[in-house]
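Residue-level listing of the chains:
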Amino acid sequence: MHIAVEHLTKRFGSVCANDRLTVSFAAGQIHGVLGENGAGKSTLMKLLSGYIQPDEGRIVFNDMPRRLRGPGDALAAGVGMVQQEPLDIPAFTVLENLLCAAPPGIFRSRRAAQTALLELAGRLGFPVDPAARLDQLTIGQRQQVEIMRLLLCGAQVLILDEPTTGITAAQARALFAALRQIAAEGRTVLFVSHKLEEVAELCHTVTVLRNGQVVPPGQLPMPQPQEYLLVLMFGESGAAPPIYRPLPAIDAPPVWELRNITVRSGALHLVELNHRFPAGRIIGLAGLDGSGQQVLLRLLAGQQAPDRGQVLVNGRDLTGAGALAFRQAGVEYLPADRLHDGMIGALSLADHFALLQRDGLLVDRRRAEELARQAIADYQIKATPVTPIASLSGGNQQRAMLALIPPTACGILAEQPTRGLDVASARAIWSRLQARRDDGCCIIFSSPDLDEIMEYSDEVIVCFAGRIGPPIPRALLSASRLAELIGGVGFDALVNVAR
Amino acid sequence: MRTDRLKLVASLTRPVLALVAAFALTTLALLSTGVSPLEAYRLVLFGAFSTPVRLSDMIMLAAPLLLCAVGLSITFAGGLYNLGVEGQMIAGAIAAMVPLRLWPDWPPLLLWLLSGLSGATGGVVWALLIGALRQYANVSEIFAGLGMNFLASGLALYMVLGPWRRQTSASLSGTDLLPRDLWLPTIDRLRLAPAAPLIALLALAVVWWALTKTRWGLEVRAVGLNPAAAGRLGVAAARRMAETLAACGALAGIAGMLQVVAVHHALIPNISSGIGLLGLLVALLARADPRWLLPIAVAFASFTVGSIQLPLTLGIDSAIAGVLQGALVLFALVARARVR
Amino acid sequence: MDQLWIDLAAVLAAAAPLVIAAMGETLSERAGVINLSLDGTMLLAAMTGFAVALTTGNLLLGFAAAALVGAAIAAVLGLFSLTLGQSQTAVGFVLALLCTDLSSFLGAPFVRVPGPAVPFTPIPALADVPVLGTLFFRHDPVIYASFLIIPATAYLLYGTRLGLIVRALGERPAAVYARGIDVIRWRYAMLITGGALVGIAGAAFSLDLKQGWSYRHTFGAGWIVLAIVIFGGWRPWRVALGCYLFAVLEIVATRSQSALPNFPTQIIQVAPFVLMIFVLALVNLASSPAAMRRAATLPQIWQRPLLGAINRLRATAPAALGQPFERP
Amino acid sequence: MRNRSVRWLVLALTLLSLILTACGTQPAAEPTATPAAPAEAFTFGMVLVGPINDGGWNQAHYEGAQYVVEKVPGVKFIYIDKVNPADRPNVKVEQAIEELIGQGARLIITNSAEFADGTNIAAAAHPDVFSIHASGDKVLTGEAPPNVRNLMGRMEYGKMIAGCAAALTTEAGKLAYLGPLIDPETRRLVNSTYLGARYCWETYRGRPASELAFKVTWIGFWFNIPGVTLDPTKVANDFINEGYNVILSGIDTTEGIVEANKATQAGKRVFAVPYDFKGACAQGEAVCLGVPYFNWGPDYKRLVELARAGKWEPAWEWTGPNWSNLNDPDTSMIGFVKGPALSAENAAKLDEFIAKLADGSLNLFTGPLFYQDGTVFVPEGQVADDKTIWYTQQLLAGIEGQSAP
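Residue numbers (this note's numbering), protein chains in the order written: chain A, 1 to 499; chain B, 1 to 340; chain C, 1 to 328; chain D, 1 to 405.
Think of the hints as simulated: they come from the structure by calculation, not from any bench.
Honestly, I wouldn't trust all of these hints.
Short derived list, chain A residues pointing at chain B, Cβ under 10 Å [stated by the list, open to error]: (1) V15; (2) D19; (3) V23; (4) S24; (5) E162; (6) E227; (7) V231; (8) M233; (9) A301; (10) Q304; (11) D307; (12) Y333; (13) G345; (14) L355; (15) L356.
Quick list of simulated restraints, FRET-style, between CB atoms [as the list claims (entries may be wrong)]: (16) A:D73 with B:L12: 38 to 44 Å; (17) B:D289 with A:V495: 26 to 32 Å; (18) C:P324 with B:T13: 35 to 41 Å; (19) B:L12 with C:G85: 19 to 25 Å; (20) B:F46 with A:D73: 56 to 62 Å.
What the simulated footprint calls covered on chain A by chain B, stretch by stretch (three residues with Cβ under 8 Å from a Cβ of chain B suffice, anywhere in the stretch; the number is not a length) [what the hints assert, rightly or not]: (21) 320-332; (22) 358-372.
Yeah, the Cβ is synthetic: ideal placement off N, Cα and C, and Gly gets one too.
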């Protein structure tokens, strides 16, 4: 199916997310859509798949203008979207998920649906168990299920939003093969990403968005030079290559020390952890989703007590003391979901500083506002001391969260510190974290983005299937080797060498 | 610009509309009985102010009501629906009886103090049990609270019919009356014990101050808005939640003690008299803003007292006061819906 | 032995209104909406059902009116929470109190007036089967309906495409929306259907099992049903079992008076609710990570049945229960 | 969005108003005050523990007051009913009495044992207003202020007749008594019922007392308060399921006869003897063996006239039936109406029994009578005096059930 948009405009308040966009996507091809955060990619995809409605302009499927009132309309017209985290029902089995609210008349019976599913899975090369519950599957497997569901429900156009975030390299390869197959069968695939390599590998055409507009107007055929695409995406400054500064070796005392830790969390069973995390280092945790990084971070933050063994912070045994004690010992935890468990949306920055005051019966508002003003200046946060945190943008929220780290902190645990941020914001955040590292903090972060890990870590720890590898100095690691390791290739050898 | 003006208009018209809607519903109900709604409203709205006796009855109802509502505004700030407030009041009343029955000969002042302390402790214990069920056993505070309410009323019933029963019969009218000199002193022949409203007003002032000015209050609000984030910022979230429950339990327990020493002068099975649930309505309507608690508690107490005259004068049921109270809160909730 | 069957049959009958209301609430909660107004709804529906049946002399009209009242209150809850975005808990609670008082006020003329009642209708032939006849076929239509509604609800939720949508509404409404279903409208539908059942349960009291109307005629039943739905883990058969257990406990409270000469046995009445909360707490404690860790250290022979039992008892709430739906 | 909300709101309100109008078409509650009393009307007020239309105790009192209004010119009656912790949680008796006095009442009648303290408190506060505390004994014990009188009927006789009717009818000899709360009054009424039943069982049925099962279950109050008392509906059902085939009611309300009627329609043969109110059989004509009832009218008329004349003295009165005509509305405080379910043959035997009570040839409170624990209630050869009967300590031997809470 051939789809096009004409003069499509969508505003959110004063922000024009899509500004008179005109572009078309031919059938039987894979189309890359590139752009930095906030460029308007997601808005365009949501418009195409009916999640939101345009203010102006129109959407045309096979030369027929369409009004999409919801994702159901879009799917009925043949457009299906796979969200970053698949919009499925975790408590259901694969088959139930397929049958749930399927268009009438598509599956005559459970058995028919199962046959169709298995047939399609064979064709696309996806292994699938129709009776498995989705919450037992990995993100990658759920994505496969979602793709098959949309195809079986009649999708002629498949939109994938950052599909390779959080899936294994092997799954990514399988996904690409399947997408090529889908395109070869005459369907249209829209592949939204900010990873140039993937787009270069997979796509027939590329559309670059910047500030809500297509630059230059219209689609480009692939391949294109990488530097050119970077300039299109970010402007001139965007092309600057990442900087890596090797650190002088320091013999610092460990901030954390794990002794003979055994810990169980859900299906994961971490055994015999013996690690020292020195001050003045940035340590990246690489691994597939649910390989143990989360458990390790929670263990180091004191949110999870080990079944056996000891956790020491600055030489003090804090085993089982609880998150509050860890925090008092200088451990700061920055969750990925800022508004969910990072900060309190309805309170202002000044309120947050007031919360950090540790003594006195009454709140010292003047001091809190002073600190907030200081932080706003230091961290270039676009806010006033009394603006509710919820009304700040993601980048400003993340900066505020960093600003709230007390100067006494000696260990920072950051979960996906730049999640959802554009490149400029991400760089600003990292320069702050690096400054902290230079002040003698130990910073441990996890990220699904291997580039980020390669770019900012001093040492990398690979987690694979609940096993925690030894720290590898960044200088000894290449991107391809890291990708292999998180997929398990050579992981055993690595652990054995460390022994 | 336009939306600003819209919001201003909305902020003014919505409460009025809510009020109109609540009265419309109540009027419909009144019309169905065939009596004059105006006459009924005159009694319900102003009946409590018609004689000194009724006024004093209203104040004696408003005092425990305000105490409960003040306590609940703390738990609301902490993000908890403390439906267990009835049980906490009952537990407080039972606990308050203990010193009074053990040492009836001690000086009254000392006994009242002891009784208040004991009542507050009873309420706290009952509230903390809810906290424990929520914290450790993952039972929502709503159902834990309901369960504890049932348990408390069972306990009160047991005390009245069992160990503390009257000499001659096990009567639901309660235990034997306390000795006269243990009744909280009243003004002349009115049933008004000035200590009760004073305690309630003191509680209101202290809680208002604690919630808005102290670090504890800020932490409680932070926990109420987002416990996970507050915990990350170093607030002992579980502890603060338990503290809000305990604070509410203490105030409800004192309300229960007042019911014993100032109102019923005995333990009766239904010592809480639905005041706790009414307090929930007051707190919901005040939207946990302590400044509104006093006027609303007084208004609700006077509806209840005024409505007693309905069966007497108009031959209709007094439950219409409850209908009016409920409808006011219901439509006030709608009036708060965001302008989208 | 015969006495046992008679008592069991009495339990099956006594639990009928609870079962009907509990199935209604299960449907609502499975679709993600918690209807906390149950106690008030049942009272107002019981009163209206009785009043209408009495004035019209038609039982069916009485039940229909009760269903309408239940549905209307559910619709009000839906309007305020689903459409206008207010807390389901707050609105439901206020409605519970409001409807209780409304039932007292409007029901005043009907207090203890003799009225129509659902007639006893044994099922011919089947009623004379030993044991089974006594247990299942010597009742009235309301009780038969309560028997049928359990498998019907279970089938609806687990055996039909509609059930998939209902359960998905409570688990992940965003996913249902993405499949082209109007989440709000469907939640309304389930809430109103559930409310109608709760209304019918109210009438089952006033027109059958507790004939007539008096002040707060069914007081407390609604709260108990809410607890039973949680206790039953939102699964129809288990919820029904909870209702029957409750009825058993009530008979125990009545019978124990002769056995306990110096004990005010009416306080045993509070036991069922407290017991349910207690059991719920125990199960939750037993399935907590810490307890699971401890269980893992047990010898294998113990581990398997223990974990199996805990898993069977564990109740997982629908993931989106009580949460407002926001478009993704 | 907003349009839709408005539509819903309108729909909901319409529905609600439909319901309301449906209920509104019912006759409104009876008017409380009798209209247009003469200028110098004497107002008397009544505080009732339950609703005036409960088909039992409270309705009997209410009708008694109506009798006064009919018979005595220039009298105005006001009342406040349902004064109990379940229906009016925030209203105390003394508060209700204050309201009535505020409306001009010169005589107050309170109708529950629960009201003893409140009646005394209010009477002490208003020495110029007279009070009748029905069913109380504070005058007897000397705890009441001088403006209070006690009044009660000798329902013991009514209950004996009820017990006899039950014993004459029961097939299996299994009688169940739906008891309210446990106090001397209720104990003596249960005992009277049992004595009547045992006498007729032995005399007319010719069966030994050991074959008569008589069980009491107490609900805990005069009527059902959900959550506080046992539910009388369930208790009655439980009686039936256990095989009891006559349910005698001792509570204010009519659950006993309602459930017996329901069970009979379901094919069981269960009878009922309601209590308190003359018209109580209406709840289940087909199963009603008869009802012992109070006829408060004549005594209230007498006391109202006394109060109006200002000739008031404290007194504790315990009025018996008019044995020459039990059901005379103008003279007999205690009556018994035979129910349609009582067979003609048994009715004749019952009349014979009543005649024996009337002429004094039969006094069932004649020793030897023993309490449940074997202690002596009335020694051999003696007859119990009023005070012994009034302050009955326990249930009699032979009765199954609690004697004390």
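Structure-based check of all given hints:
The restraint placing A:V15 at the interface with chain B is violated, with a minimum CB-CB distance near 16 Å, outside the 10 Å limit. With 10 Å as the threshold, the beta carbon of A:D19 stays out of range of chain B, its nearest partner Cβ sitting at about 23 Å, so the hint is violated. Because the beta carbon of A:V23 sits about 31 Å from the nearest beta carbon in chain B, more than 10 Å, this interface hint is broken. For the restraint placing A:S24 at the interface with chain B, the shortest Cβ-Cβ distance is roughly 34 Å, beyond the 10 Å limit, so the hint is violated.
A distance limit of 10 Å between C-beta atoms decides the matter here; for A:E162 the minimum to chain B is near 26 Å, and the interface restraint is violated. Interface hint at A:E227: violated, since its Cβ lies 41 Å from the closest Cβ of chain B, which is beyond the 10 Å cut-off. Annotation: A:V231 was flagged as interfacial toward chain B, and the flag is violated, the nearest CB pair being 39 Å apart, outside 10 Å. Because the smallest distance between the Cβ of A:M233 and any Cβ of chain B comes to about 33 Å, over 10 Å, the interface hint for this residue is violated.
Hint on A:A301 holds. Least Cβ distance to chain B is approximately 9 Å, under the 10 Å limit. Here the hint on A:Q304 is broken, as its CB sits about 14 Å from the closest CB of chain B, past 10 Å. A distance limit of 10 Å between C-beta atoms decides the matter here; for A:D307 the minimum to chain B is near 19 Å, and the interface restraint is violated. Hint status for A:Y333: holds, given a least beta-carbon distance of 6 Å to chain B, under 10 Å.
Checking A:G345 against chain B by beta carbon gives a least distance of about 7 Å; that is within 10 Å, so the hint holds. Interface hint at A:L355: satisfied, since its Cβ lies 5 Å from the closest Cβ of chain B, which is below the 10 Å cut-off. Satisfaction of the interface hint for A:L356 is found here, the shortest Cβ-Cβ separation to chain B being roughly 7 Å, below the 10 Å cut-off. Checked against the given bound of 38 to 44 Å, the beta carbons of A:D73 and B:L12, roughly 39 Å apart, stay inside it.
For the hinted restraint 26 to 32 Å between B:D289 and A:V495, the CB-CB distance of approximately 59 Å leaves it violated. The beta-carbon spacing between C:P324 and B:T13, approximately 24 Å, falls outside the hinted interval of 35 to 41 Å. A C-beta distance of roughly 21 Å is found between B:L12 and C:G85, which places it inside the suggested range of 19 to 25 Å. Restraint check, B:F46 to A:D73: a C-beta distance of roughly 58 Å satisfies the suggested window 56 to 62 Å.
Coverage of the region 320-332 of chain A by chain B holds in this model, with 4 residues showing a Cβ closer than 8 Å to a Cβ of that chain against a need of three. For the region 358-372 of chain A, the stated coverage by chain B holds: 5 residues have a C-beta nearer than 8 Å to a C-beta of that chain, and at least 3 were required.
In summary, the numbered hints that this structure violates are 1, 2, 3, 4, 5, 6, 7, 8, 10, 11, 17 and 18.
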